[in-house]
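Q: Take a look at the letters that make up each chain.
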Amino acid sequence: MEVYDISYLSLLACFLLLLIPLAISYYFKPEFIRETIISVSRMVVQLAFVGVFLTLLFELNNSFVNLLWLLVMVLMASHSTISDVKLNLKKLMLPTVISFLVGNFLVLFYFNMFVINLENLFDARFLIPIFGMFLGNSLRSNIVSIDSFYEIMKRNENRYHYSLSLGAKKHEAILPYAKKSFEITLKPSIASMSTIGIVALPGMMTGQIIAGSSPILAVKYQIAIMIGIYVSTMMTVVIGIFMTIHSSFDNYGILKKDIFR
Amino acid sequence: MNSELLKYNDVSISYGEKEVLSNFNLEIHKGDRILLKGRSGAGKSTLLKMPMGFAHPTSGILYFNGELLDSNTVWDARKRIAYVSQDLDIYEDSVNEFIEEVFSYSFNEGKLDRNKLRRLLVYLGFKKDILNMKFADLSGGEKQRIGIIMSVLIGKDIYLLDEITSSLDSALKEKVANYFLERKDWTLVIISHDDIWEKEDVKVLQVDV
Numbered sequence: 007m008e009v010y011d012i013s014y015l016s017l018l019a020c021f022l023l024l025l026i027p028l029a030i031s032y033y034f035k036p037e038f039i040r041e042t043i044i045s046v047s048r049m050v051v052q053l054a055f056v057g058v059f060l061t062l063l064f065e066l067n068n069s070f071v072n073l074l075w076l077l078v079m080v081l082m083a084s085h086s087t088i089s090d091v092k093l094n095l096k097k098l099m100l101p102t103v104i105s106f107l108v109g110n111f112l113v114l115f116y117f118n119m120f121v122i123n124l125e126n127l128f129d130a131r132f133l134i135p136i137f138g139m140f141l142g143n144s145l146r147s148n149i150v151s152i153d154s155f156y157e158i159m160k161r162n163e164n165r166y167h168y169s170l171s172l173g174a175k176k177h178e179a180i181l182p183y184a185k186k187s188f189e190i191t192l193k194p195s196i197a198s199m200s201t202i203g204i205v206a207l208p209g210m211m212t213g214q215i216i217a218g219s220s221p222i223l224a225v226k227y228q229i230a231i232m233i234g235i236y237v238s239t240m241m242t243v244v245i246g247i248f249m250t251i252h253s254s255f256d257n258y259g260i261l262k263k264d265i266f267r
Numbered sequence: 339m340n341s342e343l344l345k346y347n348d349v350s351i352s353y354g355e356k357e358v359l360s361n362f363n364l365e366i367h368k369g370d371r372i373l374l375k376g377r378s379g380a381g382k383s384t385l386l387k388m389p390m391g392f393a394h395p396t397s398g399i400l401y402f403n404g405e406l407l408d409s410n411t412v413w414d415a416r417k418r419i420a421y422v423s424q425d426l427d428i429y430e431d432s433v434n435e436f437i438e439e440v441f442s443y444s445f446n447e448g449k450l451d452r453n454k455l456r457r458l459l460v461y462l463g464f465k466k467d468i469l470n471m472k473f474a475d476l477s478g479g480e481k482q483r484i485g486i487i488m489s490v491l492i493g494k495d496i497y498l499l500d501e502i503t504s505s506l507d508s509a510l511k512e513k514v515a516n517y518f519l520e521r522k523d524w525t526l527v528i529i530s531h532d533d534i535w536e537k538e539d540v541k542v543l544q545v546d547v
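Chain order of the listed sequences is A and B.
Taking the numbering used here, the leading residue of the first sequence gets 7, the next gets one more, and so forth.
Taking the numbering used here, the leading residue of the second sequence gets 339, the next gets one more, and so forth.
I should point out that these hints are in silico values taken from the structure, not numbers from a laboratory.
Please note: incorrect hints may appear among the correct ones.
Below 30 Å or equal to it, Euclidean Cα-Cα: the simulated DSSO-like pairs (lysine-lysine) are [said to hold, decoys possible]:
1. B:K387 / A:K92
2. A:K176 / A:K97
3. A:K160 / B:K481
4. B:K541 / B:K356
5. B:K454 / B:K368
6. A:K96 / A:K185
7. B:K449 / A:K175
8. A:K176 / B:K417
9. B:K368 / B:K541
10. A:K175 / A:K193
11. B:K449 / A:K185
12. B:K494 / B:K345
13. B:K449 / A:K176
14. B:K472 / B:K494
15. A:K176 / B:K465
16. A:K160 / A:K263
17. B:K449 / B:K345
18. B:K472 / B:K387
19. B:K513 / B:K481
20. A:K175 / B:K417
21. B:K387 / A:K176
22. B:K454 / B:K466
23. B:K465 / B:K481
24. A:K263 / B:K356
25. B:K472 / A:K175
26. B:K472 / B:K513
27. B:K387 / A:K175
28. A:K160 / A:K193
29. A:K175 / B:K494
30. B:K417 / A:K160
31. B:K417 / A:K186
32. A:K175 / B:K454
33. B:K345 / A:K263
34. B:K356 / A:K160
Extracted from the complex, chain A is given alone in its bound form:
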C-alpha cells in the first residue's frame, strides 16, 4: 500500500483551517486568538524538535543512547508528576522516578521480547514510541493516584490516627485510602478499554492504518499495546504509592506535614 506524504505546502494548507477557530474567537472571545496562536506555535516547535530529534536517534540507533533517552523521559515525567500535585518535589522525586522506571521498563522489555519478538530489544523505532505510550499513560495515572492518595490521607487524618490507636499497623491503617485512590485512578483506564474502537479509533491504530498496515495487524498491535499500557500503569501507580509512603510518613507512622507545599 502507498504511504501518502504530506508536503510542507500541504501542511501549510492545513494551517488555513485554523482561520475558522480564529474567526470564531474574534467574534466571541478575542483573548482566545492570542492563546490559540501561542498554543499552536508551541505545538509546532515541540513536534518539529521531536521530529528532528527522533530522526537523529533512529539513524544513530545506539542502544545506550536510546536507554539514556528513556531515562530522560522518565525524569521529565517524574518532574511533571510532582509539580502537578501539591507536594514537595525534593522528598518525592526519587520514589516517583523509581515507580516509572520499574513499572514501565519491566513491561516494555517483556513486550518487546515476547510480544513483538524484536531481535534487538533496544531498537529505537520500537523502544521509544512504545515506551512513550506506556509512560504517557502511566504519567497521567500516577498524577491522579499520588494526588488523590495524599488528598484523601490529609482529609482523613483523624480517622487514620484512630485506626492506629485501635491497633492497626501502618500499612493496615493506610490500606483503605490506598484502595480508594487506586479505584479513582484505574477506573478511567478500565472504562477506556471497554469503549475503545466504538467511540473512537485509537491513535496508534489509526496511524498504522494510514501508514499502510492491514486493519487486523493494527488491531493486534492495539490490543497488545492496551494491555501493556494497563499493566504498566497499574504497576507504576502501585509502586508509586508504596514508594512515596516510605518517605512521607515519620517513624511514628504520622503523615509528615512538610510533604505538602
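Here the structure of chain A is known, so what remains is to put chain B in place on it, guided by the hints.
A: Positioned in the frame of chain A, the structure of chain B alone reads:
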C-alpha cells in the same frame, strides 16, 4: 506499690511561641483513675495524644511500661492504650463495616465478641439497626458511644478518655461513667467537664501552667 504504666517526665507544651504547659509530671499506675481538669487550651488533650505518638512534647519525655516512649516503642503502646477522643467524625461507611475493618487488623483478629458487642449496644441505648446505619448519619452522641464501645471491645491496659461524654444526655453520661468506674482494675485517665466523673476514688488533677 503498683507497677507504673505511664509516666510523664517534665513535659512541656508550646503552641508556636506560647508555652501552655511547663514541666508536667505524672505517674499513672495500674488501677489509677485520674481526672485532668484545667481551662481549655491548657494542653490536656495534647497530653493524652502523646502516648499515642499523635503529639510530641516540646520538651520532656514519656515512659510507657518503664520504657522510653519513642518511634520504636509507640507501636506497642498503641496496642495497649485505648485512646477515645471526642472527635469521632471519621467514617463514611456503615457502623458494621467500620467494626469489620477494625477487627481485620492483625492485632485484633479473632477478638470480636459479638455477644459483648450486642450487650454493649443495648446497655448504651442502641437499637440493633444501628449496625447498618452509615457512620456519617449518626449524631455526635451516637458516634461517641460507638467509639466507647470499640475501645471496650478491643480491651486495653489503660484508657485515655478525652471528653467522651460531652455529647451525651445525662442518663447516658451516668451509664458511661459508671461502666468505666465500676471496673476497679481498669486504669483510666479522663478529661471531662462533666461532674459525673468526680467520684470518690477518682483523683482530680489540675493541669495549668
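Q: Would you mind marking each hint as holding or not holding in the structure?
A: Each hint, compared with the structure:
| no. | hint | result |
| --- | --- | --- |
| 1 | B:K387 / A:K92 | 28 Å, holds |
| 2 | A:K176 / A:K97 | 20 Å, holds |
| 3 | A:K160 / B:K481 | 21 Å, holds |
| 4 | B:K541 / B:K356 | 28 Å, holds |
| 5 | B:K454 / B:K368 | 24 Å, holds |
| 6 | A:K96 / A:K185 | 26 Å, holds |
| 7 | B:K449 / A:K175 | 16 Å, holds |
| 8 | A:K176 / B:K417 | 12 Å, holds |
| 9 | B:K368 / B:K541 | 14 Å, holds |
| 10 | A:K175 / A:K193 | 28 Å, holds |
| 11 | B:K449 / A:K185 | 25 Å, holds |
| 12 | B:K494 / B:K345 | 17 Å, holds |
| 13 | B:K449 / A:K176 | 20 Å, holds |
| 14 | B:K472 / B:K494 | 27 Å, holds |
| 15 | A:K176 / B:K465 | 33 Å, violated |
| 16 | A:K160 / A:K263 | 9 Å, holds |
| 17 | B:K449 / B:K345 | 29 Å, holds |
| 18 | B:K472 / B:K387 | 27 Å, holds |
| 19 | B:K513 / B:K481 | 16 Å, holds |
| 20 | A:K175 / B:K417 | 10 Å, holds |
| 21 | B:K387 / A:K176 | 17 Å, holds |
| 22 | B:K454 / B:K466 | 13 Å, holds |
| 23 | B:K465 / B:K481 | 14 Å, holds |
| 24 | A:K263 / B:K356 | 21 Å, holds |
| 25 | B:K472 / A:K175 | 25 Å, holds |
| 26 | B:K472 / B:K513 | 25 Å, holds |
| 27 | B:K387 / A:K175 | 18 Å, holds |
| 28 | A:K160 / A:K193 | 22 Å, holds |
| 29 | A:K175 / B:K494 | 16 Å, holds |
| 30 | B:K417 / A:K160 | 23 Å, holds |
| 31 | B:K417 / A:K186 | 26 Å, holds |
| 32 | A:K175 / B:K454 | 25 Å, holds |
| 33 | B:K345 / A:K263 | 28 Å, holds |
| 34 | B:K356 / A:K160 | 26 Å, holds |
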